[in-house]
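Between the sequences and the hints, there should be enough to build the whole structure, so can you do that?
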Amino acid sequence: MTTVLNGLTLAAVLSLVAIGLAVIFGLMRVINMAHGEMFILGSYTVVAAWEATGNVWLGIALAPFVVGAIGWAIERTMIRRLSGRLLDTLVATWGLSIVIREGLKVVFGAGSRNLPFPFTGDLTVLGTRYPLYRLFLIALAVVVMATVLWVFLRTDFGWKVSAVTQDREMAMAMGIDAGRIDAAVFALGAGLAGLAGAVMTPLITLNPEVGLFFLARSFLVVIVGGVGSLLGTAAGAGLIGMGQAALAASFRPVIAQIVLLVLAIVIIRLRPTGLFGRLQG
Amino acid sequence: MLRVTGLSGGYHGSAVLREISLEVEPGAVVAVLGRNGMGKTSLLKAVMGLLPWARGTIQVSGHEISSLPTHQRVRSGIGYVPQGRGIFPRATVEQNLRYGFVVAGRPMRSALPERVLELFPWIREHLRQPAGTLSGGEQQMLAIARALVADPPLLLLDEPTEGLAPAVVEHLHAAVGRIAGSGAHAILLVEQHLRFALTLATHGYVLERGAIVVSGSSEELQREDIVSRYLAV
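In order, the protein sequences belong to chains A and B. Here the first sequence is numbered in the working numbering, starting from -4 and rising by one per residue. Here the second sequence is numbered in the working numbering, starting from 0 and rising by one per residue.
If you are wondering where the hints come from, they were derived from the structure by calculation, not from laboratory data. Errors might be hidden in some of the hints.
Said to hold, decoys possible - Taking CB as the label site, the calculated pair distances span:
#1 Q128/B with I260/A: 32 to 40 Å
#2 M73/A with E218/B: 55 to 63 Å
#3 M73/A with P120/B: 44 to 52 Å
#4 W52/A with T132/B: 45 to 53 Å
#5 S78/A with G12/B: 13 to 21 Å
#6 M73/A with R194/B: 50 to 58 Å
#7 E93/B with R76/A: 36 to 44 Å
#8 Q58/B with W52/A: 53 to 61 Å
Unchecked claim - Here's a subset of chain A near chain B, in silico, CB distances under 8 Å, partners left out:
#9 G153
#10 M165
#11 I171
#12 D172
#13 T200
Unchecked claim - Here are some chain B residues the structure puts well away from chain A; computed CB gaps all over 12 Å:
#14 R2
#15 S13
#16 L21
#17 P120
#18 V148
For every residue, glycine included, the Cβ atom is placed at its ideal position computed from N, Cα and C.
The structure is reproduced here in structure tokens:
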């Protein structure tokens, strides 16, 4: 039971990180190699707020907006100038990820740190005692993901994103400001990754390098779930999160990693477009 | 309604439009004719701001739009039906129509205008269908219906008959005729299908290698020498 809940926790966090990666790729054909750094910037927002005020909640509340604003600025200054050039954006965002990582080392130091939980305590769930904060994290992710899905599927903004994703020129010809949609989606994706990083801060040993772990896992989620499918991203996060937790409970970490990657490769071999992927690319 | 003066434009390093000037009066139907690759589609794209480069002036209802980005140009009152129809395939028929509200700045959940549904009554029964599963003719009519949702005074139609069966072309002809007959929309119609275009339009321009070589009334453009020289395939 603890394994299931551990899997859910990881799945919850991964879904928040991966959704931005998936939507940004679907909309702009940009593979954001700095997406792991959006996560880590969320964590360091919490660190900065905690060091300034001693309050962990403040940082968690601020993180999505701070990182969202950073994402918006990245889109406006860098991504926009490279639009439609997959390889160039890949290299540029990879370079940016290095700049952000090293910048964080300069500001906060390269060492690791652990932050206190904003609250402690356990709750008995289905016969297992489980930390309350992790349960809060799962609930928060479910609410946020449901909201994100609602925004993308039911609001005018979401419909406009869908139009630009399907046919950018025609969307502009319908009066949609595609550039503004790009910036908004990039900010949203970054903000969600920042939120994930913020709520994960007390659970991880934080240093500027941990973003890479979440970036790699998120790629796996997006590929397994199916590129360009919101539902697939959620399902992929569930699968990778649960798989990782189950394997970690049974094997040594290194073996668990290998088994997880092999499983992902098998899934992609059997379903090249991912679990929920569309057949037409 | 539409006044284009000295419009040149093209892709990177090459010009496909050369000093084009043309005019469409309010409520009129004007045809742009010419063989394949003569710049007809590029002309509409230049008006829409979808060519990599263009210079010259473009006025819609007296507003100069040539320096505006595409999404602002259409707010001056342009409905655009591109070559290939530009339907959003994963959206439903209804959603496709609702995108027509964006240009008017109205919520996409507004009530669909009756005048559009009356023009193509079959749409009512297919509102929930994914637009990508419609036939080519249905997609063409949906694209026209979508462009009319915001009631634009100017409609740009790019080869609406392309790839359609003769019976469907007849149906489309009647529909475009009704739109023109309402007098509410001026239409700039790009076509290779001569009879389709010249029975709907009162005037036309013939493009060759990106420049206007002949212009005149529909009767004049059907003269044997013009057709064989510029238009016959």
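Would you check whether T200/A satisfies its interface hint, that is, whether its CB is within less than 8 Å of any CB in chain B?
Violated, because the Cβ-Cβ distance from T200/A to chain B comes to roughly 43 Å (cut-off 8 Å).
At the C-beta level, are M73/A and R194/B separated by a distance inside 50 to 58 Å?
Given about 52 Å between the Cβ atoms, the range holds.
If you check the beta carbons of W52/A and T132/B, does the distance land in 45 to 53 Å?
49 Å, holds
I want to verify a distance hint. Is the separation of the beta carbons of M73/A and E218/B within 55 to 63 Å?
57 Å, holds
Determine whether the non-interface label on P120/B survives the test: each CB of chain A must be over 12 Å from its CB.
Consistent with the label, P120/B stays out of reach of chain A, its closest Cβ about 23 Å off (over 12 Å).
Could you let me know if the closest chain A CB is still more than 12 Å away from the CB of S13/B?
The claim holds: S13/B sits with its nearest Cβ about 19 Å from chain A, beyond 12 Å.
Please check whether Q58/B and W52/A have a Cβ separation lying inside 53 to 61 Å.
57 Å, holds
Hint I171/A vs chain B: min CB-CB distance below 8 Å?
6 Å, holds
Under the criterion of a CB-CB separation shorter than 8 Å, is M165/A in contact with chain B as hinted?
4 Å, holds
Would L21/B pass as off the interface with chain A, using Cβ distances and a cut of 12 Å?
20 Å, holds
Could you see if the CB distance from M73/A to P120/B stays within 44 to 52 Å?
50 Å, holds
Measuring from beta carbon to beta carbon, are E93/B and R76/A in 36 to 44 Å?
Between E93/B and R76/A, where Cβ atoms are some 37 Å apart, the hint holds.
When the structure is compared with the earlier hints, violations turn up for hints 9, 13 and 18 and for no others.
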